[in-house]
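Trainee: Chains V and L are the protein sequences, given in the same order.
Here the first sequence stands for residues 1 to 220, numbered as in the numbering used here.
Here the second sequence stands for residues 221 to 721, numbered as in the numbering used here.
Derived by calculation from the structure, the hints in this document are not laboratory data.
Some hints here could point you the wrong way.
[Unchecked claim] Simulated DEER-style distance windows between Cβ atoms: (1) R154/V - G275/L: 27 to 35 Å; (2) M206/V - K560/L: 32 to 40 Å; (3) D673/L - K210/V: 34 to 42 Å; (4) A158/V - I565/L: 21 to 29 Å; (5) K437/L - M206/V: 25 to 33 Å.
[As the list claims (entries may be wrong)] No more than 20 Å apart at the CA atoms, straight line, and that leaves these computed lysine to aspartate or glutamate pairs for EDC-like: (6) K62/V - D447/L; (7) K507/L - E570/L; (8) K150/V - D447/L; (9) K437/L - E147/V; (10) K489/L - D671/L; (11) K437/L - E201/V.
Ideal Cβ placement from N, Cα and C applies to all residues, glycine included.
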Amino acid sequence: MTILLTDAWCWLCISMAIFLLTAFIMGRQSRYFYTMDVVPRQFSIMDLELPSCQKEMVNLIKGIYAMPPANRQLTLRALRGQLWVDFLFMPAAYGSIFLVCMKVASKMNPAGMVLFHILAWLQLLCWLCDIIENIYLLQKIGPNISESTKMVHRAYQALEMIKWGFSLLGIVCGLSALLFFWVTGNFDVSSLHYLLIIVGEIVIFMVLQKLPFRAPIPAT
Amino acid sequence: MPRNNDQVAAKATITISDFTNDARVIKALDALQLTFNPDKGGRPFIVSDVLDDAGHQYVNLVQKGGGVLGIALIGYTYVLEQMNIRFLRLAGTSAGAINTALVTVIDNKQDPKSEKVLDAVCKLNFFSFVDGHPAARWLIKKFITKDDFAGKAKRSLLWLLGILALLITADVVLVGLSSHYAGVAVWAGLSFILTGCCTLLIALGVSYVVNLLKRLKNSGFGINPGDTFYDWIKQRLHENGVDTVQQLKDKAGACPKLTLRVENDARHKDLFGDVTFITSELVTQNKIQFPAMCHLFRTDINTMQPAGFIRASMSIPVFFESYMIKGIPATDPSIIAAWKDTFEISQPPETARFVDGGILSNFPLSIFYNNDIAVPRLPTFGIDLDDSKPEDKSQNPFNWSALGYFGRIFNTIRNYYDKDFLLKNKVYQLGVGKVDLSSDQFNWLNFFLSDKDKIDMFALGVEAACEFLTNFSWDDYKNQRRHLQQQLTTVKTPSNDNTAH
């Protein structure tokens, strides 16, 4: 842990690179996501993560199996692939938030330190929730999907709330405090080098996102 | 029920007797029964010449659409049944289609059904039909139940943006001061964090709205899938032995032995029971009458689910997703012939998309017009739900809002089809009873009805039915209808050709 925190900036650059790389791969995979909802329509992993009711997830997955065989295979391969890549994405994403919060905590007064330590360690809970969510979705994807009970659906919703709630809180509080400490000159100038590396990674990510890529559009 | 049993079922806070034993209901019914009690000086109760062996009088019944105001329809039919009136042919649109379906499938034609319909309503959580995204459900609830919700939401957003602007200003000022006063640094840090949180809230709100709009587009511009309603009505039909179109037709057509009170040239010709649900089809832009037009969509009509007809009829545009019939065998000769015969369409669609029949014919009295009958044997009764507010009836065209202006255009178009029929066949007005639901207490989209609202609507339906029956004269109806028929057969001008068909 000491090594991790001593070289926190360095680790942050690495985890951000993995985060952006996996996000890029997952973004490409998501372009193959099609479901038959009267006509083929695109969906995103968020439709599975935050369904409005039990039936929505069932309809969406059944819709995938209602696609023509070639498109169905592409969608299923991409969807399962994205869920597996997500297992790599998770440590990078939650790890980055963890590092930011820990780094900020070290600059805080005692109360702030406790708060940011809590926020940092809560990322482990978010990671756990994300793992459970992915396993749940992987076992749900199948031609004979059945509707979850109301209790399971509620537990799933709670899982999502915890995951998104604490991770977003961690990002926002961490980045805001980081910005404050940079603006007030509370970090070494050398830390800006790492910031530049991270900005560079983000720029490369955005350029890659703009690269032409055409996923096959299913016939209607 | 396969799912949603717990969602659809309401807490048992209300019973049938809460409706039927309401003081207004008892008072209105007592007065009505007294009016038609010859032993106590009242006049005989005659509304039709078609009778069964038990003495029930038969009428055709058309029920108008009106969202949740449909509870008033139950009050109305309850009175008709209490007065030993039964329904031979039934038709309805939207909410009217729901009540029509339940009245059709429950028990036998000669049995009273309204109390069983009430029972289904008592057990029903209306809000479960609003089965869209939780955020959309929340918004709908607030918009309908809270006064000036749009204004409050706008003010809240302005407050949030104002707070963000203040926090950004505080960030700048406090950072500047923190170099001189060390104690300010804590507040500056806190202000940065709050700014981040405020930005997050706004970003989440914006992305949520964008996501909802995207979902709306993907779902064919319907906020609620309508699946819960579909499951509910399917279960109600199933409980009453209706799972196929043929079973629905059989149930609607099964009549006891009918006799005529007086001689009629038509005798028993065309005296049969049936049911019609009106819906609007958008692909070919036609009014569809289910189950009569099932042959347009399937070669074997029993592969269709009757619950779909009612679901199609009540698909309030935008509020509910359209109902689709996919995989129409468009190349099958019988389907091609059916479309050609019915709509002069030589290339049938492969998918049909239905929205609420109310946009074309919310009060389909015209479907019971029978040009072959010179003297009617039974009347067509219609239940009109009038929820137009005073501002909707305002004749001053200068003070309408943009929404009011477009609302007027839409209402003029959608109502004129039925209005035109009634203007040309005024005799049918004699069979129409109007339930006044213009009070601000009622909103046709208010799926969050309190028990009191439900009972009040039921009582208004009862009172409207009592008033209608008190004033209805079967002889007048018959005479005017006969007179109309004489006019049609003696004078044929282009203007009344419409009427004849």
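Trainee: Each of the hints needs a verdict: does it hold here or not?
Mentor: To see whether the hints hold, each was checked on the structure:
1. R154/V - G275/L: 27 to 35 Å: Once the Cβ atoms are compared, 55 Å apart, the range 27 to 35 Å for G275/L and R154/V is violated.
2. M206/V - K560/L: 32 to 40 Å: violated (57 Å)
3. D673/L - K210/V: 34 to 42 Å: For K210/V against D673/L, whose Cβ atoms are near 55 Å apart, the range 34 to 42 Å is violated.
4. A158/V - I565/L: 21 to 29 Å: violated (51 Å)
5. K437/L - M206/V: 25 to 33 Å: For M206/V against K437/L, whose Cβ atoms are near 26 Å apart, the range 25 to 33 Å holds.
6. K62/V - D447/L: Measuring from Cα to Cα gives roughly 15 Å; hence the hint holds.
7. K507/L - E570/L: holds (17 Å)
8. K150/V - D447/L: Satisfied, since the Cα-Cα distance of roughly 16 Å is no more than 20 Å.
9. K437/L - E147/V: violated (25 Å)
10. K489/L - D671/L: violated (45 Å)
11. K437/L - E201/V: Given pair K437/L, E201/V is violated - Cα atoms ~35 Å apart, limit 20 Å.
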